[in-house]
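2 protein chains.
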Amino acid sequence: MHAATIRDGELHVMEHPDPEPGTGEVLVRIRAAGLNGADIMQLRGRYPAPPGEPADIPGMELAGEVAALGPRAGRFSGGDRVMGLVGGGAQAELAVVNERVLMPVPVGLSWDQAGGAPEVFTTAHDAIFTQAGLRPGEHLLVHGAAGGVGTAAVQLGRATGARVTATVRRPELRDQVAALGAEAIDPEGFGAHGPFDVILELVGAPNLAENLNALALGGRISVIGIAAGAKGELNMAVLMGKRGRIHGSTLRARPLEDKAMTARLVERSVLPLLAAGTLHVPVASVYPLDRVADAYERFAAGGKFGKIVLHMPDS
Amino acid sequence: MHAATIRDGELHVMEHPDPEPGTGEVLVRIRAAGLNGADIMQLRGRYPAPPGEPADIPGMELAGEVAALGPRAGRFSGGDRVMGLVGGGAQAELAVVNERVLMPVPVGLSWDQAGGAPEVFTTAHDAIFTQAGLRPGEHLLVHGAAGGVGTAAVQLGRATGARVTATVRRPELRDQVAALGAEAIDPEGFGAHGPFDVILELVGAPNLAENLNALALGGRISVIGIAAGAKGELNMAVLMGKRGRIHGSTLRARPLEDKAMTARLVERSVLPLLAAGTLHVPVASVYPLDRVADAYERFAAGGKFGKIVLHMPDS
Numbered sequence: 001m002h003a004a005t006i007r008d009g010e011l012h013v014m015e016h017p018d019p020e021p022g023t024g025e026v027l028v029r030i031r032a033a034g035l036n037g038a039d040i041m042q043l044r045g046r047y048p049a050p051p052g053e054p055a056d057i058p059g060m061e062l063a064g065e066v067a068a069l070g071p072r073a074g075r076f077s078g079g080d081r082v083m084g085l086v087g088g089g090a091q092a093e094l095a096v097v098n099e100r101v102l103m104p105v106p107v108g109l110s111w112d113q114a115g116g117a118p119e120v121f122t123t124a125h126d127a128i129f130t131q132a133g134l135r136p137g138e139h140l141l142v143h144g145a146a147g148g149v150g151t152a153a154v155q156l157g158r159a160t161g162a163r164v165t166a167t168v169r170r171p172e173l174r175d176q177v178a179a180l181g182a183e184a185i186d187p188e189g190f191g192a193h194g195p196f197d198v199i200l201e202l203v204g205a206p207n208l209a210e211n212l213n214a215l216a217l218g219g220r221i222s223v224i225g226i227a228a229g230a231k232g233e234l235n236m237a238v239l240m241g242k243r244g245r246i247h248g249s250t251l252r253a254r255p256l257e258d259k260a261m262t263a264r265l266v267e268r269s270v271l272p273l274l275a276a277g278t279l280h281v282p283v284a285s286v287y288p289l290d291r292v293a294d295a296y297e298r299f300a301a302g303g304k305f306g307k308i309v310l311h312m313p314d315s
Numbered sequence: 001m002h003a004a005t006i007r008d009g010e011l012h013v014m015e016h017p018d019p020e021p022g023t024g025e026v027l028v029r030i031r032a033a034g035l036n037g038a039d040i041m042q043l044r045g046r047y048p049a050p051p052g053e054p055a056d057i058p059g060m061e062l063a064g065e066v067a068a069l070g071p072r073a074g075r076f077s078g079g080d081r082v083m084g085l086v087g088g089g090a091q092a093e094l095a096v097v098n099e100r101v102l103m104p105v106p107v108g109l110s111w112d113q114a115g116g117a118p119e120v121f122t123t124a125h126d127a128i129f130t131q132a133g134l135r136p137g138e139h140l141l142v143h144g145a146a147g148g149v150g151t152a153a154v155q156l157g158r159a160t161g162a163r164v165t166a167t168v169r170r171p172e173l174r175d176q177v178a179a180l181g182a183e184a185i186d187p188e189g190f191g192a193h194g195p196f197d198v199i200l201e202l203v204g205a206p207n208l209a210e211n212l213n214a215l216a217l218g219g220r221i222s223v224i225g226i227a228a229g230a231k232g233e234l235n236m237a238v239l240m241g242k243r244g245r246i247h248g249s250t251l252r253a254r255p256l257e258d259k260a261m262t263a264r265l266v267e268r269s270v271l272p273l274l275a276a277g278t279l280h281v282p283v284a285s286v287y288p289l290d291r292v293a294d295a296y297e298r299f300a301a302g303g304k305f306g307k308i309v310l311h312m313p314d315s
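Chains as they are written, first to last, in the numbering used here: chain B, 1 to 315; chain Y, 1 to 315.
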């Protein structure tokens, strides 16, 4: 098979042996695979793949067809359309995936949308519901809302009956974020739009102090992106006065059982809304596998609305 | 009635009109009332009493006998031994208290122990169970464990089957903390004793960085005391990698229904263990009401093991 491959800090498309599914695993013929911030970090050598995942093939999410079943794999049949979050190796023509982390592709989703859906919706759902416990009627702030996780979070917030405010650095992207149901604002002085019950932090430490000051009583801050900086001053007197909580989280390093649990949650809470058209997967650009380097460059340049997706050659 | 009274930043014992119980309230003839950090802060003008509480009579916890019932107060009868957490006004001969925040005094507790029990056990229980979700088999770290909340937290951690490590600044107090079931250590280099699943922070910001580094995967930090400093650097990359949580909390400013809920939890989870002798209320010193200024001075000097309690004159 061909796969995007990291060699000496650069991306190539190289030939690899076809993987073979082990017990409980499925061989997926991949049709599309979304790009994520973690891929860029892995390319730069700052986020190595977890043990047991391909070390040189990036890619944390995929959609495709079941091509073969390993021993005792029984959730899917050959030809089924599946998608899922994986620890690496998704930007390839084939991958073996434990069947417990796979989900069916909802009707109505294109391959490119399905390839860009698992990471952002799983991440956003885990952060704002499992971690932060967002409830109907609450006020959600999403920082950096024009990206993949941001657009997923805005939509999930709206779908659960929360009021959503979204910071979007580039003015030209604000209308598209607003169309998802958020009040789209400039990050400068965002605190004046609070107080916020839940804050999803996708940008980083520069927001920390204002996040705390703009937090409602009993509010929760969920930190899952820190590209703009990791270290900031925490005023614990403010945190105590607000009776607030700060969570940090990542998905990739979690054990299989945890990833399988998040997949079950997404199946139950998110897939029906994708099938019904309540939730959408905005795709900013699609690149064929042999232009993977261009896709990463586009991702790193920022300023996109929605996902960058790699499309695999038809078999 | 006589009451400890703050006048121009100093403590006096002054005469006040007897309070009268309103609907759902109980008049308590107070026998003992513990001192807490919040009292010292209130004396220094940094922690005003919440609206509706006596502005000039300090005291956040009390134990005594039911002296009279207001309209529709039905949980207790005249003469019942009760204790509870209040928003202020406890360091007096009489107080009116909503019956929903009062609890029966467990058999076997002296008045002085009962007067020093509600604040520390409610605070510790709320922080390590309700906020941080401590579970059997986990490793709990209590910072500043020789004080009232610290000794309560160490005992509650042991009672739930957790392993407990406790930092105690003064070497001469470590044996007493160890006797409660903790590994009592010097705060210097505490991180080497981790990783910790739950950290109860009763000291403040100087511990923040090492707390994070010593946190177990999925660990929770509960911040309820910051006398040594409120502001510290938070490394959100570490928080994300640990998939950790930081909570801040105070009890005093909570609404009545929240305080009543914590009282029900303490009745169910803590009072049986106090009655059984599994949990103890260490009392460091008892002062009569007319020596309230000395009691505050003793409290502020630090280095005590357990509670400082004011004892009211017998009626």
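It should be emphasised that the hints constitute simulated quantities derived from the structure, not laboratory data.
Please read these numbers as outputs of a predicted model, since none were measured by experiment.
Be careful, since some hints might not be right.
Identical chains blur together in the list; that is why a pair holds if it fits in one copy or across any two.
Stated by the list, open to error - Dumping the calculated SDA-like pairs for lysine to any residue here, alpha-carbon to alpha-carbon at most 25 Å:
(1) LYS231 / PHE190
(2) LYS231 / GLY218
(3) LYS259 / ALA237
(4) LYS231 / ASP258
(5) LYS231 / TYR287
(6) LYS304 / ALA67
(7) LYS259 / ALA216
(8) LYS231 / ASN213
(9) LYS231 / PRO206
(10) LYS231 / ARG7
(11) LYS231 / GLY302
(12) LYS231 / ARG298
(13) LYS259 / GLY9
(14) LYS259 / ARG291
(15) LYS259 / VAL238
(16) LYS231 / PRO187
(17) LYS231 / HIS280
(18) LYS259 / GLY137
(19) LYS231 / ASP175
(20) LYS231 / GLN176
(21) LYS231 / GLY241
(22) LYS231 / GLU183
(23) LYS231 / HIS2
(24) LYS259 / GLU297
(25) LYS231 / ILE40
Comparing the hints with the structure gives:
In this homomeric assembly, LYS231 and PHE190 come within 25 Å of each other (Cα to Cα) both inside a single copy, at 20 Å, and across copies, at 22 Å. With identical chains, the CA atoms of LYS231 and GLY218 are at most 25 Å apart both within one copy (23 Å) and between copies (20 Å). For a Cα distance limit of 25 Å, the shortest separation of LYS259 from ALA237 across copies, 21 Å, qualifies, whereas the shortest one inside one copy, 35 Å, does not. Proximity of LYS231 and ASP258 under a CA criterion of 25 Å is satisfied in neither setting, with 28 Å inside one chain copy and 34 Å between copies.
In this homomeric assembly, LYS231 and TYR287 never come within 25 Å of each other (Cα to Cα): the closest approach is 35 Å inside a single copy and 46 Å across copies. Neither within a single protomer nor between protomers do LYS304 and ALA67 lie at most 25 Å apart by alpha-carbon distance, with minima of 33 Å and 69 Å respectively. Proximity of LYS259 to ALA216 under the C-alpha cut-off of 25 Å is restricted to the inter-copy arrangement: shortest distance 19 Å between copies versus 31 Å within a copy. Taking the shortest Cα distances, LYS231 and ASN213 sit within 25 Å of each other both inside one copy (17 Å) and across copies (14 Å).
In this assembly of identical chains, LYS231 and PRO206 lie within 25 Å of each other by CA distance both inside one copy and across copies; the values are 8 Å within and 16 Å between. In this assembly of identical chains, the alpha carbons of LYS231 and ARG7 never lie at most 25 Å apart, being 31 Å within a copy and 43 Å across copies at closest. In this assembly of identical chains, LYS231 and GLY302 lie within 25 Å of each other by CA distance solely inside one copy; the values are 22 Å within and 33 Å between copies. In this assembly of identical chains, LYS231 and ARG298 lie within 25 Å of each other by CA distance neither inside one copy nor across copies; the values are 27 Å within and 39 Å between.
In this assembly of identical chains, the alpha carbons of LYS259 and GLY9 never lie at most 25 Å apart, being 28 Å within a copy and 57 Å across copies at closest. In this assembly of identical chains, the alpha carbons of LYS259 and ARG291 never lie at most 25 Å apart, being 30 Å within a copy and 61 Å across copies at closest. Taking the shortest Cα distances, LYS259 and VAL238 sit within 25 Å of each other only across copies (21 Å), while inside one copy they are farther apart (34 Å). Taking the shortest alpha-carbon separations for LYS231 and PRO187, both the intra-copy value of 19 Å and the inter-copy value of 24 Å come in at or below 25 Å.
Taking identical chains as interchangeable, the C-alpha atoms of LYS231 and HIS280 are never at most 25 Å apart, the minima being 33 Å within one chain and 41 Å between chains. Within a single copy, LYS259 and GLY137 get their C-alpha atoms only as close as 29 Å, which misses the 25 Å cut-off; across copies the closest is 24 Å, which meets it. Neither within a single protomer nor between protomers do LYS231 and ASP175 lie at most 25 Å apart by alpha-carbon distance, with minima of 31 Å and 38 Å respectively. Taking the closest pair of Cα atoms, LYS231 and GLN176 never come within 25 Å of each other, the shortest separation being 31 Å inside a single copy and 38 Å across copies.
In the homo-oligomer, the alpha carbons of LYS231 and GLY241 lie at most 25 Å apart both inside one protomer (22 Å) and across protomers (14 Å), since each shortest distance falls under that limit. Taking the shortest Cα distances, LYS231 and GLU183 never come within 25 Å of each other, neither inside one copy (28 Å) nor across copies (32 Å). Taking the closest pair of Cα atoms, LYS231 and HIS2 never come within 25 Å of each other, the shortest separation being 39 Å inside a single copy and 51 Å across copies. In this assembly of identical chains, the alpha carbons of LYS259 and GLU297 never lie at most 25 Å apart, being 29 Å within a copy and 55 Å across copies at closest.
Only within a single protomer do LYS231 and ILE40 lie at most 25 Å apart by alpha-carbon distance; the minimum there is 21 Å, versus 33 Å between protomers.
Going through the hint list in order, the structure does not satisfy hints 4, 5, 6, 10, 12, 13, 14, 17, 19, 20, 22, 23 and 24.
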